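Protein chains: 2
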Amino acid sequence: MRLDDFSHLECPLARALDAVGEWWSLLIVRDLFYGIRTFDALRDDLGIARNVLAKRLKKLEAKGVLEKREYQPHPRRYSYGLTKKGKDLFPVILTLVEWANRWEAPEGPIIEIEHASGGHAIHPELVCGECKRAVDYKQVRLKAGPGAQRPEALPLPLRTK
Amino acid sequence: MRLDDFSHLECPLARALDAVGEWWSLLIVRDLFYGIRTFDALRDDLGIARNVLAKRLKKLEAKGVLEKREYQPHPRRYSYGLTKKGKDLFPVILTLVEWANRWEAPEGPIIEIEHASGGHAIHPELVCGECKRAVDYKQVRLKAGPGAQRPEALPLPLRTK
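Listed in order, the protein sequences are those of chains A and B. Under this note's numbering, residues 15 to 175 are what the first sequence spells out, in order. Under this note's numbering, residues 15 to 175 are what the second sequence spells out, in order.
Read the hints as simulated data drawn from the structure, not as lab findings. Hints are not guaranteed to be accurate.
Copies of the same chain look alike in the list, so a pair counts if it works inside one copy or between any two.
[Stated by the list, open to error] Pairs of lysine-lysine, BS3-like flavour, derived with a Cα cap of 27 Å:
| # | residue 1 | residue 2 |
| --- | --- | --- |
| 1 | Lys157 | Lys69 |
| 2 | Lys101 | Lys146 |
| 3 | Lys146 | Lys77 |
| 4 | Lys73 | Lys157 |
| 5 | Lys146 | Lys69 |
| 6 | Lys98 | Lys146 |
| 7 | Lys146 | Lys73 |
| 8 | Lys146 | Lys99 |
| 9 | Lys146 | Lys72 |
| 10 | Lys69 | Lys152 |
| 11 | Lys157 | Lys72 |
| 12 | Lys82 | Lys152 |
| 13 | Lys82 | Lys146 |
| 14 | Lys152 | Lys99 |
| 15 | Lys152 | Lys98 |
| 16 | Lys73 | Lys98 |
| 17 | Lys99 | Lys157 |
None of these values were measured; they are calculated from a predicted model.
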């Protein structure tokens, strides 16, 4: 089996991983957030082979994470932009950045996040959108949802002792 | 270059990706949250080759995401458990689950998250840990932190139009 094919796993995490394609593709999403939008600019920034980049872009486009837009007809030129689905990956990127700043930055954070209006640095945390209480693995319970095909096979609940 | 070697990139996201190893490894972290702890149980659940699983576990152990614990001396048997650093990946997993529930579950969420105390489903959102305002890509600004070696080379700010 292909190691990056998670589709056989009935798990939303596996589906998310499958949809994004691979770790590496998140760097493309990051670059699009930075406004790096053309094939050549992405290639220069990421320093990877053209065929590999082309394959990743095609996958992200097929999954609806980004869209290709013609910005010049003769000669035909395209740029890439995040869709709503792609922009919705921002919290994923941010939680990874926060994790790295905490655990993989012995010399201090490389990048800090601030409110656009100025002021203090942001250390994002996850809260329940409804009651605004913090969401911690010790305080949540998972249950099978309406999309579960074999609810009895889900290895719930979380046990992290 | 190895596609999964991000260490040349001065970016906390790249460091996080490098530390976790690859997408696929998050499924190991998920299984440890579920209490699946031995090599054979992990192998059974993930359905992958022993040598591949061994390599991933070794990498996660080297990066301090999990630790190996002897639970039986004769014959020697080990289990795996998340460290504090590993458990701190929970928000990453949760934001990916939420993303998949929103975008990759046409038949409804496979798994729903609830408060352990019961009550309503949780749709996690990111807020600033200090002022509790929502953290949205339109409302944040990135700046070089103390760990940036070449601050002038960072492609800030975010531009997502």
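These are the hints, each one checked on the structure:
no.	hint	in the structure
1	Lys157 x Lys69	neither (36 Å within a copy, 31 Å between copies)
2	Lys101 x Lys146	both (22 Å within a copy, 21 Å between copies)
3	Lys146 x Lys77	neither (31 Å within a copy, 32 Å between copies)
4	Lys73 x Lys157	neither (31 Å within a copy, 31 Å between copies)
5	Lys146 x Lys69	neither (40 Å within a copy, 40 Å between copies)
6	Lys98 x Lys146	both (24 Å within a copy, 24 Å between copies)
7	Lys146 x Lys73	neither (35 Å within a copy, 36 Å between copies)
8	Lys146 x Lys99	both (24 Å within a copy, 24 Å between copies)
9	Lys146 x Lys72	neither (38 Å within a copy, 38 Å between copies)
10	Lys69 x Lys152	neither (40 Å within a copy, 29 Å between copies)
11	Lys157 x Lys72	neither (34 Å within a copy, 31 Å between copies)
12	Lys82 x Lys152	between (42 Å within a copy, 22 Å between copies)
13	Lys82 x Lys146	neither (37 Å within a copy, 36 Å between copies)
14	Lys152 x Lys99	between (29 Å within a copy, 15 Å between copies)
15	Lys152 x Lys98	between (31 Å within a copy, 13 Å between copies)
16	Lys73 x Lys98	within (16 Å within a copy, 34 Å between copies)
17	Lys99 x Lys157	both (25 Å within a copy, 25 Å between copies)
Comparing the model with each numbered hint stated earlier shows that hints 1, 3, 4, 5, 7, 9, 10, 11, 13 do not hold.
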